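Chains as they are written, first to last, in this note's numbering: chain C, 1 to 150; chain V, 1001 to 1208.
Please keep in mind that the hints were generated in silico from the structure rather than gathered at the bench.
Some clues are possibly wrong.
Part of the chain C face toward chain V, derived, beta carbon under 7 Å [claimed, not checked]:
no.	residue
1	Asn13
2	Gln34
3	Lys147
The calculated lysine-lysine pairs, modelled on BS3-like cross-linking and capped at a C-alpha distance of 25 Å, are [stated by the list, open to error]:
no.	chain 1	residue 1	chain 2	residue 2
4	C	Lys9	V	Lys1185
5	V	Lys1198	C	Lys52
6	C	Lys50	V	Lys1185
7	C	Lys147	V	Lys1185
8	V	Lys1106	C	Lys52
9	V	Lys1106	C	Lys64
10	C	Lys147	V	Lys1014
11	V	Lys1130	C	Lys48
12	V	Lys1202	C	Lys52
These figures come from a predicted structure and were not determined experimentally.
For each residue, glycine too, the CB sits at the ideal point set by N, CA and C.
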Amino acid sequence: MPDAQQLFKEYKNDVYRLALSFTKSPAEAEDVCQTVFLKLLENPNITKGKEKAWLMQVTVNRCKSLLRSAWYKKTAPIDETVEAPEVQSDSVLPAVMSLEPNYRVVVYLFYYEGYSTEEIARLLRISRSAVTTRLSRARALLREILKEDI
Amino acid sequence: MINMEKRIKESFSKVSMPEHCSEKIEIALGEEKNIRGKTLRRIAMRAAAAAAAVILVVLGVIYAEPIRAFAEEKGFFPTIKTQMADKKDGEERKQPELIGYIVESKNGRLYLNLINREIIDVTDLCSMEKAYIHTIVDSVGITHYIYVGGTPDNFGYGEFMRDLSKTEEPGWGWCGGNDVNHWNKETDDYYQWIYDVKEQLKHPYPIP
């Protein structure tokens, strides 16, 4: 397996974006990233070429665990919305981030990462039909928010 | 649609890990590697056993999964034996050998095989909602919590380690069962007994 620091440099933004898509909170996303990358050191035998898939899966697991924790539910600020570092007028990030976690994550994975619905289903451990349903609803919500035909 | 896809891509591409976070993690990665390498290597060995469990499930071993966890050479379990393996990075590593079962479903009962060939019938001690936890303190003072949940038809188990002196990080050990992830596909959630493990241990683990 390549060096952990090398993998960190290569995939830090992918992991961060995914964590952010789940949590919507930059602070939480940072914590998730730290946990995920430190886990790399505990798992030195990751198959070569599968490092990103491993990181994404661990990130998903960590985020799911976080979102369902009683602590998170009690303390997560409702309005802690991610603002893109430099939000441009045509950025759809605020709209995507205003969706529920289940929706914004599939939007991120499908549109940004380019994963197929089957790959997303495997990653999130949900059925393929659940993925397509969430995508469809997310699109409808985005259409409403952005008042655009998407 | 194409326009929206493009806009979503462009919007997300502008999101990157903040510099302060990146620096913090890079430092942490360096420190973990150099300072706690010994501890982490040990945990990594356990993770390797968990990986072995996954492979065996994939190979079709459904019930009575012959986990080869290993509990190092201390021999917590009668089913585990370690043997010397090759040297890697100048360090001699031991590999677990599969010689039996940790948790076994047999004749409609669920058994936990422990040290000194002690066998605990945990059928009535756990359920889909409740977990049974067996605690063992090893010779170096690490407390191992062996948990079992589910039923003879659908069970899972694993190990969580905690150093009560807090000189080592808590760690996740081997795991196994019908589904090593203890994931209920119907509810898209962990099985309830996993939450009971967390509750009993008062710790975020064992959900990794």
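Checked hints:
Hint status for asparagine 13 of chain C relative to chain V: holds, with the closest Cβ pair at about 5 Å, below 7 Å. Evaluation of the glutamine 34 of chain C hint against chain V yields a held restraint, the C-beta minimum of about 5 Å falling below 7 Å. About 12 Å separates the beta-carbon of lysine 147 of chain C from the nearest beta-carbon of chain V, more than 7 Å, and the hint is not met. Between lysine 9 of chain C and lysine 1185 of chain V the alpha-carbon distance is near 34 Å, which puts this suggested pair outside the 25 Å criterion.
A C-alpha spacing of about 28 Å is found between lysine 1198 of chain V and lysine 52 of chain C, which places the hinted pair above 25 Å, so the restraint is violated. With a CA separation close to 24 Å, the supplied pair lysine 50 of chain C and lysine 1185 of chain V stays within the 25 Å bound. Of the supplied pair hints, the one linking lysine 147 of chain C and lysine 1185 of chain V is violated, its CA atoms being roughly 35 Å apart against a limit of 25 Å. Restraint check for lysine 1106 of chain V and lysine 52 of chain C: not satisfied, since their Cα atoms lie roughly 40 Å apart, outside the 25 Å limit.
Between lysine 1106 of chain V and lysine 64 of chain C the CA atoms are separated by roughly 34 Å; this puts the pair beyond 25 Å, and the hint is violated. Under the criterion of a C-alpha separation no larger than 25 Å, the hint pairing lysine 147 of chain C with lysine 1014 of chain V is consistent with the structure, at around 23 Å. For a cut-off of 25 Å, the pair hint linking lysine 1130 of chain V to lysine 48 of chain C is broken: about 38 Å separates their Cα positions. The hinted pair formed by lysine 1202 of chain V and lysine 52 of chain C fails the criterion: a straight-line CA distance of about 32 Å is larger than 25 Å.
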